[in-house]
Amino acid sequence: MEPIRTIVSRFVWLPLDDADTDQIIPARFLKTTSRVGLGAHLFADRRGPDFPLDQPDAKGAKVIVAGRNFGCGSSREHAPWALADAGFSAIIALGIADIFRANSIKNGIVPIVVDAAFHARLAADRAAEVVIDLDKLTVSIGKDGPSAPFVLDAFSRHCLMAGVDELGLLLAQTDAISAYEKRVEAAS
Amino acid sequence: MSGQTLFAKVWDAHVVAPETAATPATLYVDLHLVHEVTSPQAFDVLRERGLRVRRPDRTVATMDHSIPTTPRPARGPQLISDPEARAQIERLERNCAEFGVKLHALGDDQQGIVHVIAPEIGLTRPGMTITCGDSHTSTHGAFGALAFGIGTSEVGYVLATQCLLQRRPKTMRATMDGAPTRGVTAKDLVLALIAKIGTAGGTGHVIEYTGSAVRAMSMEERMTVCNMTIEGGARAGMIAPDDHTYQWLAGCPEAPKGAAWERALAYWRSLQTEPGAAFDRDVTIDVSALTPMITFGTDPSTAIPIGSPVPDAGGDPSRARSLAYMGVEAGKPLLGRKVDVVFVGSCTNARLSDLRQAASVVKGRRVAPGVRMMVVAGSQQVKKHAEAEGLDQIFRDAGAEWREPGCSMCIAMNGDRLEAGQYAVSTSNRNFEGRQGQGGRTFLASPLTAAAAAVTGRITDVRELMAG
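Quick mapping for you: the protein sequence lines, in order, are chains A and B.
Counting from 1, position 187 in the first sequence corresponds to residue 187 in this note's numbering; the numbering is continuous, with no gaps.
Counting from 1, position 171 in the second sequence corresponds to residue 171 in this note's numbering; the numbering is continuous, with no gaps.
For the record, the hints were derived by calculation from the structure and aren't laboratory data.
The beta carbon of each residue, even a glycine, is placed where N, CA and C say it ideally should be.
Keep in mind that the hints are not guaranteed to be accurate.
In silico DSBU-like cross-links for lysine-lysine, where the CA-CA straight-line distance does not exceed 30 Å [as the list claims (entries may be wrong)]:
no. : chain 1 : residue 1 : chain 2 : residue 2
1   : A       : K182      : B       : K102
2   : B       : K384      : B       : K363
3   : B       : K170      : B       : K196
4   : A       : K31       : B       : K384
5   : A       : K31       : B       : K102
6   : A       : K136      : A       : K59
7   : A       : K31       : A       : K62
8   : A       : K143      : A       : K62
9   : A       : K59       : A       : K31
10  : A       : K59       : A       : K143
11  : B       : K257      : A       : K182
12  : B       : K332      : B       : K196
13  : B       : K170      : A       : K136
14  : B       : K363      : B       : K338
15  : B       : K257      : B       : K102
Short derived list, chain B residues pointing at chain A, Cβ under 10 Å [unchecked claim]:
no. : residue
16  : W11
17  : V15
18  : V16
19  : R55
20  : G149
21  : T203
22  : R235
23  : S301
24  : F432
So that you can see chain A by itself, here it is in the shape it has in the complex:
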């Protein structure tokens, strides 16, 4: 996973509430046994001339701005795989579902929850670039525009900024895991 420090990008304005992972990547694309290539099917059943991702200015954007409860529903990691494969590295939303949030961090996608006031400012300036700074935990509209803090726990931030994979950290705890297993088996 590539380390992320800052993201500077235009954003796709996709103010859907409850954009569930079935919409992000419909189940018929889950028959793959691979992690790659899912970007072609991102929001497959919503695509078309009126859909924000299909507008000319969406090209090259790394950020999606969504509504409440983005990524709810199924635990399929195919959703962040599809988003990452399509070039996205942050979701800014009024709310983000728990499992999607956990899956995003493992795939280099920064989950950012903002309040309604900042969301409205983004809505008012849809051609702007956003600047996401993981050092300061802020998101701003333009380099000197309005800025808002966001919450990301220290560990998730570290994983994203260092490109760290949690599996390595868990494997480093093998002795503690073995000790736990011995203790539990002795007690039962």
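With the hints as your guide, set chain B onto chain A.
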């Protein structure tokens, strides 16, 4: 000092390394359930890094999501015509063989939907931590386990280390008191709860269900409630174990026996939330005031009493879109609307008692002309018991399809799906746009309400069809 919650007791007993400001807790997983759709990429990671499955004895696999539910041949393997689905299933078989994981494959009499079979076999037990690459893993909380869905990266972590890095969630207590009136089921209770808290109401929380209505529920009803917890945004729902739980487990092949049973029982009895234990949030449902529920929109929180008018979108563009997608009109009830398909199945409502409920409405009636009714038992065991009672015959006599176990039209990735524009009443868990087939439109309801729609061809208040 205030007492401990059920959740805290289970969480604390599984902490390998405690949480700090800088790092989440390392949490041990007692049981890891695996299926064909969310595991292939995780096994690939093990292979790439030269790792083994740490505890094959704590790992159990089945195939359910992409398998056909068409009749199985009397001899020989099930034919899977979809090459992608076949490749995925063969991959699971190879992965389980290579890594020494027990697999309940097609043809095994314990095959079925992962969340139906684990409790049936007795793998799911009070006080356990359980994960699976599936959001409806919350189902297992019905036994007083801490059970939650994970993504494929985490499936790989659990395969390799039997652990996850987790921040301790908050707790919510959902108290359901009162006796349900005629026609009101566990599905209606949980739909009412989700309507109350919203699709994100449980975000960051584990819900403990309590109250007289929960204590009175059978294990199957409790599984329906815990199953739908994720639709309210909470990853896990839990119910403290009691005599219903122990009676269920006593009949399971993998439950402890003899002295081990006595030791386990003593531990299970200790898992009650203590008086005075604090919850971060409380919500209550007056069960006696509920009627059968049905959803009108494209998320499970859009549940209303079956006779109530569809509420106005109130200027909310997402809600307005949802009404337009469903083709329903604000201000009018759903009653009387024609339906094309009725689906009785899924990890929410495909256990024996669900099939009995649906059969009680269908018995002596016919599926209405133009309606397709699919009944998909949750597992081979459910199917076998249902057939022993003659439920299959009731459904077949009425003109319904009696199919082989699997996730089927709940997720619509095996060929069982709605056509664009079709309306379904489904006992499953999600009415998202396209969930049951591209362009398909889903009303979520109980097995009773689904069966009433099947025999009348319209959305119907099942109480009109019930005796007494």
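Here is how each hint holds up against the structure:
1. K182(A) to K102(B): holds (23 Å)
2. K384(B) to K363(B): Answer holds: K384(B) to K363(B) is near 19 Å, not above 30 Å.
3. K170(B) to K196(B): Roughly 19 Å separates the two Cα atoms, so the pair holds.
4. K31(A) to K384(B): holds (29 Å)
5. K31(A) to K102(B): holds (22 Å)
6. K136(A) to K59(A): holds (27 Å)
7. K31(A) to K62(A): holds (27 Å)
8. K143(A) to K62(A): OK: K143(A) and K62(A) at ~16 Å, within 30 Å.
9. K59(A) to K31(A): Satisfied, since the Cα-Cα distance of roughly 28 Å is no more than 30 Å.
10. K59(A) to K143(A): Between K59(A) and K143(A) the Cα gap is close to 21 Å, so the pair holds against 30 Å.
11. K257(B) to K182(A): Judged against 30 Å, a Cα distance of about 22 Å means the pair holds.
12. K332(B) to K196(B): With a Cα-Cα distance of about 21 Å, the restraint between K332(B) and K196(B) holds, given a limit of 30 Å.
13. K170(B) to K136(A): Holds, because 26 Å separates the two Cα atoms, which is no more than 30 Å.
14. K363(B) to K338(B): Since the Cα atoms of K363(B) and K338(B) sit roughly 21 Å apart, the hinted pair holds (cutoff 30 Å).
15. K257(B) to K102(B): holds (21 Å)
16. W11: violated (14 Å)
17. V15: For V15(B), the interface hint holds, since the closest Cβ of chain A sits about 8 Å away, which is under 10 Å.
18. V16: holds (4 Å)
19. R55: holds (8 Å)
20. G149: Holds, because the Cβ-Cβ distance from G149(B) to chain A comes to roughly 4 Å (cut-off 10 Å).
21. T203: This hint holds: T203(B) lies near chain A, its Cβ roughly 6 Å from the closest one there, short of 10 Å.
22. R235: It holds, given that the least Cβ distance between R235(B) and chain A is near 5 Å, below 10 Å.
23. S301: Holds, because the Cβ-Cβ distance from S301(B) to chain A comes to roughly 8 Å (cut-off 10 Å).
24. F432: With a closest approach of 5 Å, the F432(B) hint holds.
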